[in-house]
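In the order they appear, the protein sequences are chains A and B. First residue of the first sequence? That's 1 in my numbering, and the numbers climb one at a time after it. First residue of the second sequence? That's 278 in my numbering, and the numbers climb one at a time after it.
Any given hint might turn out to be false.
Cβ-to-Cβ under 10 Å is the rule here; a few derived chain A residues that face chain B [what the hints assert, rightly or not]: (1) 11; (2) 15; (3) 42; (4) 45; (5) 49; (6) 50; (7) 58; (8) 63; (9) 64; (10) 66; (11) 67; (12) 68; (13) 72.
Derived from the structure by calculation, the hints contain no laboratory data. All values derive from a computational prediction rather than experimental measurement. The beta-carbon is built from N, C-alpha and C at its ideal position, and this holds for glycine as well.
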Amino acid sequence: MRCNDCQQVIEQYFDRELSEPVKSEVRSHLATCLTCSSLLRELTIDDRIYSCYTPEVEISPKVWAGVHARIAPVRPTSRLVPRLSAPWPRVNVWLTAALVILAIGLTAVFIKYVMSPAQNPDTQSAINRPAETPSSTQEKPAQVAKHEVDDSSADVKKEIKVSSDKGERTPRFRDKKAFSLTAQTNSKTRGPEQLVHEAEQKYLAAIAMLSRTVERRRSSVDPETRAKLEQALVSIDRTIAGTRRVVRQHPDDPIAVKYMLAAYSKKVDVLRQMSNY
Amino acid sequence: MIDRLALNASGLESRESSHTGGVMNSSQELIALARTGDHEAFRLLFERYAAPVMLFTYNLVGRRDVAEELTQETFVRAYRNLKKLRDEARFSTWLFGIGRNVAREWLRSSEPLNRRGSIDAESVPEPQHPAGISPADQLQEKELNAAIEIALQSLDDERRMVFALKVFHQYSYQEIVDITGFSLGKVKTELHRARVEMRRRLRTFRETK
Chain A
1 MRCNDCQQVI EQYFDRELSE PVKSEVRSHL ATCLTCSSLL RELTIDDRIY
51 SCYTPEVEIS PKVWAGVHAR IAPVRPTSRL VPRLSAPWPR VNVWLTAALV
101 ILAIGLTAVF IKYVMSPAQN PDTQSAINRP AETPSSTQEK PAQVAKHEVD
151 DSSADVKKEI KVSSDKGERT PRFRDKKAFS LTAQTNSKTR GPEQLVHEAE
201 QKYLAAIAML SRTVERRRSS VDPETRAKLE QALVSIDRTI AGTRRVVRQH
251 PDDPIAVKYM LAAYSKKVDV LRQMSNY
Chain B
278 MIDRLALNAS GLESRESSHT GGVMNSSQEL IALARTGDHE AFRLLFERYA
328 APVMLFTYNL VGRRDVAEEL TQETFVRAYR NLKKLRDEAR FSTWLFGIGR
378 NVAREWLRSS EPLNRRGSID AESVPEPQHP AGISPADQLQ EKELNAAIEI
428 ALQSLDDERR MVFALKVFHQ YSYQEIVDIT GFSLGKVKTE LHRARVEMRR
478 RLRTFRETK
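Chain B on its own, in the form it takes in the complex:
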């Protein structure tokens, strides 16, 4: 199930999507078109990458409304700086790097109380579940979602970023280095510490698994 959530960068790059007129375009072709000012091509890129970027920014800031704004800002900056992208095959990591900068700016400028909105049962989104799941299981899933979000938001900003990129977005260590600008050693250390802390906070749910 985590594969459904996580969008492997290389998988997304090679995946093709429909374009107007039925022509299939890879991400690299769309990027090349978008560079020339083709808004339609950029819109297709947006459709491909908006959800993972939004999930990433949501992981970082913990607020859906802010995540939407940051996603918008990320894509605006990406469009304006497309010419600076040297390797089109690394568009995903480049885009996430922009998202990380945008989120970091917001985290630095916002008051601590505003950063992580109260994560209560109502604010946590309803989990997707196939038909036939019992109400008890549904409730447990909702509680688990809430617990994971609370635990995630309790992590240090940099630790949370590394953890989200690895666990929810399945980026490799090197890709996380490219996105965050951290050293490889720091990525490994932060990931290990995040796992230990998350494990401690989710102890109750671990016992049922």
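One chain only, chain A, in its complex shape:
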């Protein structure tokens, strides 16, 4: 074997990658060639240096914790509910709060304007009932919405009256701004989870009220329609239970909150429909 040939394969010889016949040829050549032997020695010195490289690369427990969290199966709670876990990024909690406030507002508008008082005297009487204290967990959504609007309007009117009595100009714009700022401050002082809880309580109150109405009118609904509506209610209840579970596990997930409130809203729709028969 010549030096050129040996030098071409010397690294493979060092790496033990040569076949037996070629290895033995190289070995024979190295026994008589100082140049090629020195190349092999260089590789050996390199190897000794690299063997001193001892990085202490420790695996922290959080690595497995992260792997385990991501490979754990996520069971969907209902086929009506899409997967709400890992793919969704964490969204600002204030976005959650904004969605909750929007949902409450829409529901309040729906109950106030779509649920006509003439059709449902029970709802009307509930609305006209005196305002309950804010700490009560049995507040009705429509009543609370009306109550808040009435209160704020009363506050504005009071302010106008006082300033008029004092001969001041009616501070219309300033009061409206103050009111809106107050409203914003009120919502800001309550956290998103509290808002979600309050929204949920309001829905539950509306559902309880409508359920009583539906129960009283049960006999006036034909059995087939009643069966269909009750079936829908069972499905919605399942969705509510599932979305509630997801919200409890991921209170910061605005999509989960939205679906839960939408499920509640749907139940209110169905009960309203049943109460109109």
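Fit chain B to the given chain A structure using the hints.
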């Protein structure tokens, strides 16, 4: 000492470890169990292979924090694609192949300045040394660690990958071909060029050896 660092693929495959209940399981048995959704079996696989995978990704990206994330991502992908593994005996090379893809994606997507964090004396890990080594030797070892890391990170990405797989992980040429997807000729060429470059950069330490 390099044998301690390097985890020979075939050696690791045949090594057995304890399982819950005292039952010994080979990697192939654990893989078969993990395929059925057995998280405990997969955790044992993780315990066996996490350190070499982390070292590999650390060799490639030069940052410990990133290496941890990439290691995590590697194992998550491995778990999700276990069914695609045809030959359980080649789990190690398959796993390193995933690690290589994960690291490559990160290298491509990250800014050059973020890729190799400043390797200063504080960031280089303290080398392991047996009791009785003099402070002077300890200092030299720390300097050597730093020099090797700096030299390694100065290599081209593909060259660094081949070098790390051969020198630090003791994979054969064919296994490196399987992991990287390079041709055998490219593996040999890149390895040779990496050795020449590393030798040049570590000239000072070579003289003391």
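Hints violated by the structure (listed by number, smallest first): Violated hints: none at all, because every hint is consistent with the structure.
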